[in-house]
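Asks: Single-letter residue listing:
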Amino acid sequence: MVFISDIIERLDPYTGIIVLAFAALITIFAGFSKNNGIKIFIILVSALSYAAAFYLIIYSFIEYGPRDGFLTSISLPELILSCIILFIGLNVLFFISVSRFREDSFIRIVILLTFSLIPVLSLIMADNMIFIFTAFALTILSIFTLISSLDREIAGSGEAIGKFGIRTILPITLIFLGFSVLIGAGGAKNLSGYGGIESAADPLLLVSVVVFACAFYFYFFLYPFQGPYLKIVRRISGGAISVLWFLYMPAGIILLIKFNRFFDSFIEKNNIYAFTIITVFAFINLFGAAVGAIRAISLKRILSMFLLFEIGTMVLARSAGSLGMTSCRFASYYDLTVLIIILIVFLPLQLLIMLLEKNTGKDIIAGTRGLAYKNIYIGICVIIIFLWWIAANIYVFPFEEFISGSGPMSHGPGGLILFIGYIIVLLLMAVNIFRMILVFFKKLPETGGPKNYAVPRIFYAYISVFVLLALSISILIIIGKMDIGQDHLRIWSSSFDIFSSGN
Amino acid sequence: MSIESQKIIETMQYISFASLVISGIAVFFIPNLKRKIVLLFLLFVSTMMISYVFYSGILIFIVSLSFIFVFALLHLLTVQLSHYGRGSPLLPSDAGPPHSRIITARIINIIIPILLCTGLGYLIYKLIGGYFPADDGVHEIFIIGMEEISGIIFTRYNIIIFLLVAAALISFIWFTVILMTGRKNKGEYNK
Amino acid sequence: MSSELVFYIAMVLFLISVFGLFVSADIVSVFIAYQLMTAAAIINFLNFSVYMETGQLWIKVFLIIGLLTIYLLAFVVFFYIYSNTETLERKTIIKDHRLFRLEKSDWWGEDNI
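Protein chains in written order, with the working numbering: chain A, 19 to 521; chain B, 670 to 860; chain C, 10 to 122.
It should be emphasised that the hints constitute simulated quantities derived from the structure, not laboratory data. Just so you know, these numbers come straight off a predicted model, no measurement behind them. C-beta: ideal position from N, C-alpha, C; glycine also. Wrong hints could be hidden among the right ones.
Among chain C residues calculated to face chain A with C-beta under 7 Å, some are [stated by the list, open to error]:
| id | residue |
| --- | --- |
| 1 | T47 |
| 2 | A50 |
| 3 | T78 |
| 4 | Y80 |
Generate the whole structure from the sequences, applying the supplied hints.
Replies: This is the structure we're talking about:
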């Protein structure tokens, strides 16, 4: 045990990365095998390595506490994000195993998945700018290789993936440019060397912040640059979509949380120009996603627009911050909450897409017709997830700023615009969701169409976990609101403090 | 450093910056793909000249190795498809809107980005004006060699090198997946 | 040349690349726009390394590692386009990469596969 502790101490803080690298190395030896037994063995090795990395990261944190190094900075926010990413990795492994088990290149895809978690973990703990940049670039590289290697199902997917790949080079180049300007502003090698109100007066810092903001905007494919993202989601398989939604987007959110120190310095200034620009882009995105989803019939397309909507709410949170509605550190807390909402809502919905494709061969929403009768349990779970999603979006946004005090005008006409605009887009999203729920209850035709959905048992367990998680969170919040037991604010404020101290 | 050397370096700076800007603008107005590739190479050479005159000649050797691979691949892609570029007869599916509408769209397509970039440029100029301290052109020159760079990379940034080497290895595995998928798809296309 | 002038030249290159991304359609022009942006970044890095007293070694390390990573990513993307797509598909891939294109299918309804 002393020997193992010594090794962990020597490898710290890279223990998780080393474990994953070791698992990838073992998997390489079976890289070209098509034997089902070996595939199952590789799945087990990978899953155990993710679990071992999970345990070691928590163990290292408990043993050595928060610590800073030349390249890294580890505290509670980094621990939480690392655990979330490893949890995501397990889920993506599950989706890929379900959809791609019979492929010849399955084991190599698992290698690519295991490797893709390594730069994301590095990104989470990185503090040195070189380390951040390299980890982020390699994250994009590994995600692109993973998406492109999950086999093509539809003609035209090569074109969509190629265009997506070309577009992913742009945010990396912009971040490289942003760092080049940032160095002139301060010369610090670590991100923690920047930030603070006094540095906000530096014009080079402002230029670099604008460049970083553009990089994030292009990275997330926010409106009006959403074309390649919406095209690719229609043309790739369910397994590849899980990589796009649960690795690519969260990696961007993680980097955004790291960069919040820059954005917060300027957003705090209550600048009318900053407020106007951010609000315009936020509402372009929110309305674009909400309105665009109304006429869409493909479930993949609708859900991808919902995801863009969620990312758009993060832009709106910055807009609220620029108005002085929220404190400067609210943004990191909000980003983490959005990440958790995305996982709780979209992971089980990803399952719904895979079920649809399995049973009907297509992902159009008409394929869910009669789901409430064909498979009552899955239907009810999906409805609960959708309703929880609307409630979560209402709860997380700082509506109490408008309801308390002097009402909707407490933050001037800008606040009123935010309030009304957000209510309208939420109503539009509710319309979208109820449209989908109505299809579940449509009666099946007398002849034709499957009468029952073939649902593997494990899907029931999987979707139940997320429904229980969503319901538990709701119950905790309701209990807190009713002043029974623990105050709900204390639950969230403790997580809020974690992020404010981390930044 | 002698005055003559300073003058030479300054002249090289002006030449390389000018070639960068001119070739950068020209490339977007030249339709031929092969000529664009030539201009790309000129851009690359200018960038390497700039790194040389900024006393960082070591970058030329290291970065060129990686750039050459990308350039070679892009050149292969362009050569293969150059007969699909402009000047080739239009396929029926390529027939588009009337000529006048295309010209109007192109003019608008150029004017709006010019206006956007001019506005951005003006904003940057107003913001940065006066920020840099007055410069008399005299600086202490440090030329850093490969041994110092490799020393610091392998002592303090070894995890980054590990990541890069692992990425290269994983890319090799990915190449095998892509090539085998490509062969399978070609088999389907040939049916 | 003063550091201010060099910074302005770098920003001019950046603006040319932004112009190129909005105007140009084909893949080579888009890649060249990215190269112009990278060149602007390289110029900034080198500019600040000459005029700063400390951190010169670090800046050069950043340049080397950063550029290696960017080119590795670009190589992987182009390799995919070159090797896993048929000639006709390559023709469409190479055709239109404008940053902003107003297409109805990206905003409303469905895009037809």
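Asks: Against this structure, judge whether each hint is valid.
Replies: Hint check:
| no. | hint | verdict |
| --- | --- | --- |
| 1 | T47 | holds, 6 Å |
| 2 | A50 | holds, 4 Å |
| 3 | T78 | holds, 4 Å |
| 4 | Y80 | violated, 10 Å |
Checked against the numbered hints given earlier, the structure breaks only hint 4 and satisfies all the rest.
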